[in-house]
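*Asks:* Under the UniProt record's numbering, the sequence shown has 155 at position 155, and the numbering climbs by one with no breaks.
Errors might be hidden in some of the hints.
Subject to a maximum C-alpha distance of 20 Å in a straight line, what follows is the list of computed SDA-like cross-link-like pairs (lysine to any residue) [as the list claims (entries may be wrong)]:
hint	residue 1	residue 2
1	183	198
2	71	188
3	77	66
4	152	78
5	77	201
6	152	81
7	152	116
What follows is a list of derived Cβ distance ranges for each label pair [said to hold, decoys possible]:
hint	residue 1	residue 2	range
8	125	41	20 to 26 Å
9	15	181	15 to 21 Å
10	138	49	31 to 37 Å
11	109	23	45 to 51 Å
12	141	28	55 to 61 Å
13	185	23	30 to 36 Å
14	183	141	45 to 51 Å
15	77	34	22 to 28 Å
16	88	16	35 to 41 Å
17	185	49	53 to 59 Å
18	52	89	52 to 58 Å
19	178	138	28 to 34 Å
Derived by calculation from the structure, the hints in this document are not laboratory data. Beta carbons are placed, not taken as given, at the ideal position from N, Cα and C, and that holds for glycine.
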Amino acid sequence: MFMGWVYYKSMNIGERLLRSHPVPLSPVFDDSVVWLGNSDGSYTVSSAYRWLGVTVKNWHSNPDSASWVWKVKIPAKIQFFAWLVMLSALPTNELRCNRGLAASAACSRCSCTSESVSHVLRDCPHAHEVWFRIGVHAYPNFWTDPCHIWFKSMLRSQMSYLFAAGVWWIWRWRNNHLFDEKKWCIRTVLRCILTDADSFRSCGSTRNEVFDQGAIPRLDRDALLIAHNKNFQQHLEWDNISIL
């Protein structure tokens with residue numbers, strides 16, 4: 001048993017589901033294999049290629065498709081992370097609880113009853129403070145857009161590198177809180193975000209090449225000052241962000 005989940009009992013769940021839904025048999029016709037990709041029901045290589053081409057084209061043209069994440073100029077591990085976010089497959093407590101892998105869907109760091117993707121990456125007080133400190137929160141509709149629209153628009157914005165590093169380290173910070181004995185402070189998280197964002201920008205293929213949209217902010221860590229703020233004990237203030 002792991003976290004209330006009896007593993008061995010789930011191994012034959014597919015077989016049990018099939019048995020619980022018997023397939024009605026026709027007394028008139030014998031069972032036969034039919035290929036829906038061809039009008040006469042027969043399978044051919046050409047019909048398979050034709051079906052596959054249409055399927056892939058429709059998948060890429062689907063506005064909800066996550067294929068666009070592979071075009072963003074960020075490391076492959078964060079592309080994969082973004083792909084999980086867009087497919088609502090990030091293993092948050094909400095997802096794990098829905099799949100019977102966790103006893104509770106609640107956020108482990110605040111009082112929220114459901115740790116969704118948008119909560120852990122944006123709305124949780126811990127994530128909220130990170131976005132305020134690095135200044136990304138000022139983008140229009142940052143706090144109000146639905147999760148997938150918010151995530152996609154920010155990764156295609158002029159702050160894409162900073163945002164990508166932000167969501168990556170916010171997620172890792174959450175996992176550090178759950179699984180590691182030595183907890184990170186927010187200073188550590190902010191330092192990692194700035195370092196990675198600057199690295200992503202430096203490793204970009206060409207100048208101004210994130211979806212070919214506008215200039216990319218150049219991060220100047222020396223210009224990042226720590227000051228007191230009435231909302232937070234410390235607030236990061238950007239005084240000198242230059243545009244390439």
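*Asks:* Now tell me, hint by hint, if it's right for this structure.
*Replies:* Quick rundown of the hints versus the structure:
1. 183 with 198: violated, 24 Å
2. 71 with 188: violated, 29 Å
3. 77 with 66: Status holds; Cα separation ~15 Å.
4. 152 with 78: Measuring from Cα to Cα gives roughly 13 Å; hence the hint holds.
5. 77 with 201: At roughly 16 Å apart (the allowed maximum being 20 Å), residue 201 and residue 77 satisfy the hint.
6. 152 with 81: Given pair residue 152, residue 81 holds - Cα atoms ~13 Å apart, limit 20 Å.
7. 152 with 116: holds, 17 Å
8. 125 with 41: 20 to 26 Å: At roughly 58 Å between Cβ atoms, residue 41 and residue 125 fall outside 20 to 26 Å, so the hint is violated.
9. 15 with 181: 15 to 21 Å: violated, 41 Å
10. 138 with 49: 31 to 37 Å: violated, 49 Å
11. 109 with 23: 45 to 51 Å: Holds: the Cβ-Cβ distance is about 47 Å, inside 45 to 51 Å.
12. 141 with 28: 55 to 61 Å: For residue 141 and residue 28 the Cβ distance comes to about 58 Å; the hint holds.
13. 185 with 23: 30 to 36 Å: violated, 58 Å
14. 183 with 141: 45 to 51 Å: violated, 32 Å
15. 77 with 34: 22 to 28 Å: violated, 42 Å
16. 88 with 16: 35 to 41 Å: violated, 26 Å
17. 185 with 49: 53 to 59 Å: For residue 185 and residue 49 the Cβ distance comes to about 55 Å; the hint holds.
18. 52 with 89: 52 to 58 Å: violated, 23 Å
19. 178 with 138: 28 to 34 Å: holds, 30 Å
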